[in-house]
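Chemist: Top to bottom, those sequences are chains E and U. The letter at position 1 of the first sequence is residue 1 when you use our numbering, and the numbering goes up by one with no holes. The letter at position 97 of the second sequence is residue 97 when you use our numbering, and the numbering goes up by one with no holes.
Just so you know, the hints here were simulated from the structure itself, not pulled from any lab data. All residues carry an ideal CB built from backbone N, CA and C; glycine is no exception. A portion of the hints provided could be inaccurate.
[Claimed, not checked] Listed below are the simulated DSBU-like cross-link pairs for lysine-lysine, each with C-alpha atoms no more than 35 Å apart in a straight line:
(1) U:Lys60 x E:Lys98
(2) E:Lys57 x E:Lys78
(3) E:Lys57 x U:Lys56
(4) E:Lys98 x E:Lys11
(5) U:Lys56 x E:Lys98
[Claimed, not checked] Listed next, the stretches of chain E that the computed footprint assigns to chain U, with coverage defined by at least 3 CB atoms under 8 Å from CB atoms of chain U:
(6) 36-48
(7) 86-98
(8) 101-113
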Amino acid sequence: GAGVSQSPRYKVAKRGQDVALRCDPISGHVSLFWYQQALGQGPEFLTYFQNEAQLDKSGLPSDRFFAERPEGSVSTLKIQRTQQEDSAVYLCASSREKNYEQYFGPGTRLTVT
Amino acid sequence: GNSVTQMEGPVTLSEEAFLTINCTYTATGYPSLFWYVQYPGEGLQLLLKATKADDKGSNKGFEATYRKETTSFHLEKGSVQVSDSAVYFCAPAGTSYGKLTFGQGTILTVHP
Chain E
1 GAGVSQSPRY KVAKRGQDVA LRCDPISGHV SLFWYQQALG QGPEFLTYFQ NEAQLDKSGL
61 PSDRFFAERP EGSVSTLKIQ RTQQEDSAVY LCASSREKNY EQYFGPGTRL TVT
Chain U
1 GNSVTQMEGP VTLSEEAFLT INCTYTATGY PSLFWYVQYP GEGLQLLLKA TKADDKGSNK
61 GFEATYRKET TSFHLEKGSV QVSDSAVYFC APAGTSYGKL TFGQGTILTV HP
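Can you build the whole structure from these sequences, using the hints too?
Modeler: Below, the structure is given as structure tokens:
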């Protein structure tokens with residue numbers, strides 16, 4: 001079946017612009033995670049959804065970052081007033097239920113100039 | 001929260017050599033443990049997992065054993081291939097829903 005998909009794959013934004021990154025999880029997967037991966041580093045947790053409920057947003061680096069999953073399937077990560085330090089690959093992962101293995105999408109590479 | 005220490009890379013080996021990538025972690029309780037792999041130009045893929053002490057995860061010739069007493073989950077392969085060249089991440093799962101904490105990754109390059 002289809003895996004996790006993310007769009008766009010690449011995004012270049014000028015500093016100060018707002019961006020929206022989309023994640024389509026595997027159909028029927030209850031849990032959805034967002035991670036941020038800086039160049040040469042491991043992914044770092046941003047936020048977690050169980051269905052449409054955002055149960056953990058402790059990893060969001062600032063109030064410029066906002067995520068939603070209104071119908072419990074597709075999720076959007078929005079970054080307002082982008083800064084250069086936001087440049088990274090943003091990964092989305094879904095799992096069948098909590099505590100099951102996570103399947104990752106290809107990521108969106110964000111470059112802020 | 002959890003933390004992970006992975007063997008520093010890069011690791012360069014000849015084909016058919018033995019591979020070990022060390023991983024130790026700190027965590028509350030006994031988390032499930034994972035190894036993920038990132039091939040060049042591709043996304044993260046689950047390589048193997050272990051969910052309780054003394055479990056051995058295995059896949060594609062790779063193995064790792066959950067060692068509770070040493071809080072370690074070292075990755076091994078008896079004979080690496082050029083196609084194993086990738087970045088490897090160790091990750092314990094924490095919280096009540098399985099949030100992953102990743103190590104910094106180990107770059108493996110295998111030469112023919």
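Chemist: Starting from the hint list further up, note which numbers the structure goes against and sort them upward.
Modeler: Nothing - there is no hint that the structure violates, so all of them hold.
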